[in-house]
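Asks: Turn these sequences into a full structure, and let the hints steer you where they fit.
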Amino acid sequence: MLGYVKKKSIVHSLDARAKLALLALFMLAQIFAPLSYAPLFFAVTLALYAFARMDFLEVVKSRKALLLLPLIPSLARIFFETGWANVMGVAVPLGIVNGSLNFVFLLSLVYTPLLFALTTAPSQISSALRFYGMPKRWAFIFSVAFVSVAYIRKKAERTLAAQRARGCKRNILALMLPVLHSCFLRARTMAYSMAARGFDADEA
Amino acid sequence: MRKTEALHLKDVSFSYAGKKEKAVSGTSLAFQEGEFAGIIGPVGSGKSTLLYCCNGLVPKEIRGKFSGSVRLFGKDVAKMGFPEISRAASMVFQDPNDQIFNLTVEEEVAFGLLNRGMQREEALAAARKAVARVGLSGKLHEDPSELSSGQKQKVAIASALAADSRIILLDEPVSSLDWRSSQEVYAILDALVREGKTVIATEQDTCLLSRHATRIIVIDGGKVVKDGGVEVLSSSLIEKLGLRPPMDGKKIRCSTC
Numbered sequence: 000m001l002g003y004v005k006k007k008s009i010v011h012s013l014d015a016r017a018k019l020a021l022l023a024l025f026m027l028a029q030i031f032a033p034l035s036y037a038p039l040f041f042a043v044t045l046a047l048y049a050f051a052r053m054d055f056l057e058v059v060k061s062r063k064a065l066l067l068l069p070l071i072p073s074l075a076r077i078f079f080e081t082g083w084a085n086v087m088g089v090a091v092p093l094g095i096v097n098g099s100l101n102f103v104f105l106l107s108l109v110y111t112p113l114l115f116a117l118t119t120a121p122s123q124i125s126s127a128l129r130f131y132g133m134p135k136r137w138a139f140i141f142s143v144a145f146v147s148v149a150y151i152r153k154k155a156e157r158t159l160a161a162q163r164a165r166g167c168k169r170n171i172l173a174l175m176l177p178v179l180h181s182c183f184l185r186a187r188t189m190a191y192s193m194a195a196r197g198f199d200a201d202e203a
Numbered sequence: 000m001r002k003t004e005a006l007h008l009k010d011v012s013f014s015y016a017g018k019k020e021k022a023v024s025g026t027s028l029a030f031q032e033g034e035f036a037g038i039i040g041p042v043g044s045g046k047s048t049l050l051y052c053c054n055g056l057v058p059k060e061i062r063g064k065f066s067g068s069v070r071l072f073g074k075d076v077a078k079m080g081f082p083e084i085s086r087a088a089s090m091v092f093q094d095p096n097d098q099i100f101n102l103t104v105e106e107e108v109a110f111g112l113l114n115r116g117m118q119r120e121e122a123l124a125a126a127r128k129a130v131a132r133v134g135l136s137g138k139l140h141e142d143p144s145e146l147s148s149g150q151k152q153k154v155a156i157a158s159a160l161a162a163d164s165r166i167i168l169l170d171e172p173v174s175s176l177d178w179r180s181s182q183e184v185y186a187i188l189d190a191l192v193r194e195g196k197t198v199i200a201t202e203q204d205t206c207l208l209s210r211h212a213t214r215i216i217v218i219d220g221g222k223v224v225k226d227g228g229v230e231v232l233s234s235s236l237i238e239k240l241g242l243r244p245p246m247d248g249k250k251i252r253c254s255t256c
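First to last, the sequence lines map onto chains L and S. Read in numbering that gives the first Met the number 0, the first sequence has 131 at position 132, and its numbers run on one by one without any break. Read in numbering that gives the first Met the number 0, the second sequence has 16 at position 17, and its numbers run on one by one without any break.
Wrong hints could be hidden among the right ones.
[Claimed, not checked] Once the Cα atoms are required to be at most 30 Å apart in a straight line, the calculated DSS-like pairs of lysine-lysine come out as:
1) K154(L) <-> K138(S)
2) K78(S) <-> K135(L)
3) K135(L) <-> K138(S)
4) K135(L) <-> K59(S)
5) K128(S) <-> K135(L)
Keep in mind the hints are simulated off the structure, nothing from the lab.
Replies: This is how it looks when you write it as structure tokens:
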């Protein structure tokens, strides 16, 4: 879901530390700006996707689950907020106005950091975090987590294929348990490997 | 010239937590500097566990009932911390996926050196040298988890090379590699032995061991059943244990052997 996509673009070529700083500023500006500015920030997000040579709609389609994050709170506002707003001389239910603005605001808030992850190699993200003072231990946890995401995805695919080959229907629970089990086994052997290479968890 | 004793196991026994049967039973072995020892045995015979005993993973990390003593260059492993042990002995695990957790090949190989407190630039330079030695210079800045199994195993071996330890422990190091890559790896191990390092490898491929190892230790049921030179591989014991003897002219002609 967060996988880095290697491409040649202006956004890809930017230094990770600069990108991280700009991302933080952009998100802070969004959070503290009035909700009516949300379409402007969203326009900036779309422009960034264009500069990164990434199709925003394709990214949204391939990560449909992420849409729930802006959708659910916005729907709540649409259905539960009362009152009326004056939009260019027309009375519109306040819930629809604020819900729509909220949706656009949250879309930008979710998909701009995603663009950062899509256009920045994990090793560069880790370096940027360390540059800004993240403790070594946390930066290491980040890199292990990132590597593990790819492992879990591959393991889930293989487990699903093995189950399907034996006639099992798609079942999340039947998939979760063997994947979790293999994750714990992997974590154990990783710990042995780290210890054998002198990693001292207490020092870190 | 008298060689230094690199590793000494005395009456080492170990059974995993919750299990009655011993994975390693009353094993006493001594390895000299510059020795290339191959450990073979059927599946589940205790080869890997014996290797874990050599670098202190058993019993410091792997819980169970342990007895006996292990000495690395005369020092008791029980009294050493892992940073100190890793300076003396490096380990390459059987499954490369289990030992790769950094984001680039360069960082993965430099990991052990950074843990020792080496300066980052120095560690990365040593890592680059080790990666070049296994023929993966072009993959230096790639994500190691995206490499093929064989390339991942080479990265793991490069990590051990970069550590520049006096003992290299390898658990079936070429199980994921094709024949050519296996020969390349064993050529590297030969070079390490010529430099005076001790190489101890568990292996299923008796062909490779017959060409490179100078000592063969046969393990069965956690016990050493034979300890001798390469001629051990031609004994009837090998087939009796269900292992494949090295191919020779009497059976199938192996053109690369």
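Asks: Of all the hints numbered above, which does this structure not satisfy? Sort the numbers upward.
Replies: Per hint list: zero violations.
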